[in-house]
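Trainee: Okay, here's what each chain looks like letter by letter:
There are 2 protein chains.
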Amino acid sequence: MNAALSYADEHFDTFVDQLEDLLSIPSVSTDSTYTDEVQRAAQWVAEHLRERGVHHAEVAETDGHPVVYAEHLTGNDKPTVLVYGHYDVQPPDPLDEWDTPPFDPTRRNDTLYARGACDDKGQMFMHLKALESYLESDGEPPVNLKFVIEGEEEIGSEHLAPFLRAHRDRLDADVVLISDTSMFSEDVPSITYGLRGLAYAEVTLQGPNRDLHSGVYGGAVENPANALAALIADLHDDEHRITIPGFYDNVRPLTDAERETYAELPFDEDAWADAVGVEAVRTEGGYSVLECLSARPTLDVNGIWGGYTGEGAKTVLPAKASAKISMRLVPEQTPTEIYDKLEAHLDAQVPDTMTMTFRRLHGGRPVLVDRTSPAMQAAQTAMGEVMGTEPTFVRHGGSIPIVADFKDLLGLDSVLMGFGLDTDAIHSPNEHFGLDRFRAGIQSIIRFHQHYAAA
Amino acid sequence: MNAALSYADEHFDTFVDQLEDLLSIPSVSTDSTYTDEVQRAAQWVAEHLRERGVHHAEVAETDGHPVVYAEHLTGNDKPTVLVYGHYDVQPPDPLDEWDTPPFDPTRRNDTLYARGACDDKGQMFMHLKALESYLESDGEPPVNLKFVIEGEEEIGSEHLAPFLRAHRDRLDADVVLISDTSMFSEDVPSITYGLRGLAYAEVTLQGPNRDLHSGVYGGAVENPANALAALIADLHDDEHRITIPGFYDNVRPLTDAERETYAELPFDEDAWADAVGVEAVRTEGGYSVLECLSARPTLDVNGIWGGYTGEGAKTVLPAKASAKISMRLVPEQTPTEIYDKLEAHLDAQVPDTMTMTFRRLHGGRPVLVDRTSPAMQAAQTAMGEVMGTEPTFVRHGGSIPIVADFKDLLGLDSVLMGFGLDTDAIHSPNEHFGLDRFRAGIQSIIRFHQHYAAA
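Residue numbers (the working numbering), protein chains in the order written: chain U, 39 to 493; chain A, 39 to 493.
Don't read these hints as lab results, they were simulated from the structure. Hints are supplied without guarantee of correctness; some may be wrong.
Copies of the same chain look alike in the list, so a pair counts if it works inside one copy or between any two.
Calculated pairs, DSSO-like style, for lysine-lysine (alpha carbon to alpha carbon, straight line, at most 30 Å) [said to hold, decoys possible]: (1) K352 to K445; (2) K352 to K116; (3) K379 to K352; (4) K116 to K379; (5) K379 to K445; (6) K116 to K445.
Because the structure is a prediction, the values reported are computed rather than measured.
Between the sequences and the hints, there should be enough to build the whole structure, so can you do that?
Mentor: In structure tokens form, the structure reads like this:
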């Protein structure tokens, strides 16, 4: 391991040069004008792995953008780590807000600026460099490695689950290792052990058979926009608890240990609120901001529309009104259960003057990984050695559907050892990745392999 | 009068031919590609009046489309009737739903089909024909007549109030006579004596300074769309009464006589609900459908929007959400008073996590005309003689801002003696006007002048 760490140190500048090469490919997955570039990025990654001496690397076609699959298996006695990452990136718009062009990677102040520098080309690339460091020094890494590097993460990973299903046997492993998340802060390294799930619905109330004149019909035709507002208002109580019957039935309570961890995290609530631009926060009664942001379920209107929304005053009584309503879930809630409960609750409230349609748009299960597992402990040790501070375990409020997929389809837990920061401007202009974190990531991965193999 | 009535009867076919000529001009006021046609229609009306021997008729330019102003004054001892109407029409879209072209007037089954046939070219033209019938038979009408025929009714009459203000002295009259409304039904002729007012606001709640990720921020950042829904839901109680403090303070109660009139009107609630496409009606507690549609104030969301409203599931916690909220007013409510009460009420409810902006978009005063006035009685008598049934007095749920303008700016009450039917498809494809009603309108106006002069 020491030889691998030394190799990584000595070749760090070359690693950055190589990453810049990959970052210069505009592999924007959502825009079909970039389809060839997405393909080129996939070929680049596979070729880069092959050039490093990886046993097998291929560009596996899907019904969408391809998956780069690679494996380097060196012993049945070694544990197998499946690395997941993605080579596609978000669109760079608005272009004129970038200080330097998004696909012309630029180093400033020990920081690399480019679309994908952090999300996820930079973080994914650390895994390739960790393997290379072993191959070029110790000969072989202490673990078997498989790589699934997809090209559709930024557009919903539609073809990843079919790929996992189709290659279930080949993807057999002991754990999934992913670097596509952020640390709590630069000073507080962290490993994500929980993610929220999602149940995202679209609700439409249909009243009259056409838009009506609000003067002629207002007063006896109930208004779907008013009624929808009433349904939505009724979903929270005064304590900002969600009122859907049974909504909290399957919520696993926070343990005392978890609440202690939350309480110990350095968190400046005022600064956080300032950054978001709000005068005050609003949390579920009895829980802290950090708990509510990641370990408690929520319900938010993501969109609402109905009637006349242009300039000026049009006196329409709308025929219908709609809202997108999503709930973030925590273990052991499931999307199906929560969809059922929301739909039944709304059904019971819909006025007899109108009809409701309820569509289930997108669901994902919440994730909670056992922090005491060998892989999680290995990650904590490895990262702690590199960062000088033992990382804390944190839960994250968002959803990473592929983590649930790895669990559901392959039975694998994921270790979310990410080196991003919330300030890295991923999905925004001037995305960047501190080179110190790029370095720390490579070293942490090298050490993870060693500790995990020894566990 | 009898000679005038006979003249009108004998020349009825010619009248229809002339009306068809006017209807063939596509004077669509909202579409600037038709500006020349709007101008042409104004010239046509003025010229038509001059050709009939009217003392004065001019096309008065405004900052928008012109007003046709005419006067025929024949005696200081006669009362003066100011006729209001409009020569502009709604756009004809969707064109492919017309059985015959909208600007190629067509007679079928004693009905005239064309855009503007009823609203308002056909009804306005009845007044020109009534005057002509006097001029060509009795020599002079028994009243002085002034005409204000505008070209912007379908786009909000923006330049009419300035015109009334600028010509206040010249427009001095005893009453305004308008044929631009519908009768209760073909079997129940009616005269409109009440109109609701309007206070139309736009409310925006601003929470965070940008759209946020609902996974990362949901749970501690209060959602403006949810909060707006709560504000709206809170505006009605379980009896569908409006909860704004003081909202009903200035509402003039329905008199027993009025409630009796409402109760006597033939009204098939089920058929009405069927036509609108609702399973049930929803009225303010203690009031009938007809009362709620015209004599009680209402509050409706006319439009609502916020967050992501496209296809699929975007997990955004919106920075802001907006609604257009309008209230129909009844005497003696005023727009200013009601705006003030709504704004104060919402202000008190806005969560401390966000800010509200409140814009007053469009206000209009309610109108209630004394049914016992000489003009109203003359109208009732005239229309009753022609229709064979004495017309009932009804209140209408909509607003006709110009009626309030005539009251506020000129001090004049309006007699709303209209001959339309709700089934005439005004503003829709295949607009039409029954020729029996066109004929009855002309005769009623001739009789009105006589009865009003004799009162």
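Trainee: Next step is simple, just say for each hint if it's right about the structure.
Mentor: Quick rundown of the hints versus the structure:
no.	hint	in the structure
1	K352 to K445	between (51 Å within a copy, 24 Å between copies)
2	K352 to K116	neither (70 Å within a copy, 41 Å between copies)
3	K379 to K352	between (37 Å within a copy, 22 Å between copies)
4	K116 to K379	neither (45 Å within a copy, 74 Å between copies)
5	K379 to K445	within (25 Å within a copy, 56 Å between copies)
6	K116 to K445	within (21 Å within a copy, 92 Å between copies)
Hints 2, 4, counting from the list given before, are not met by this structure.
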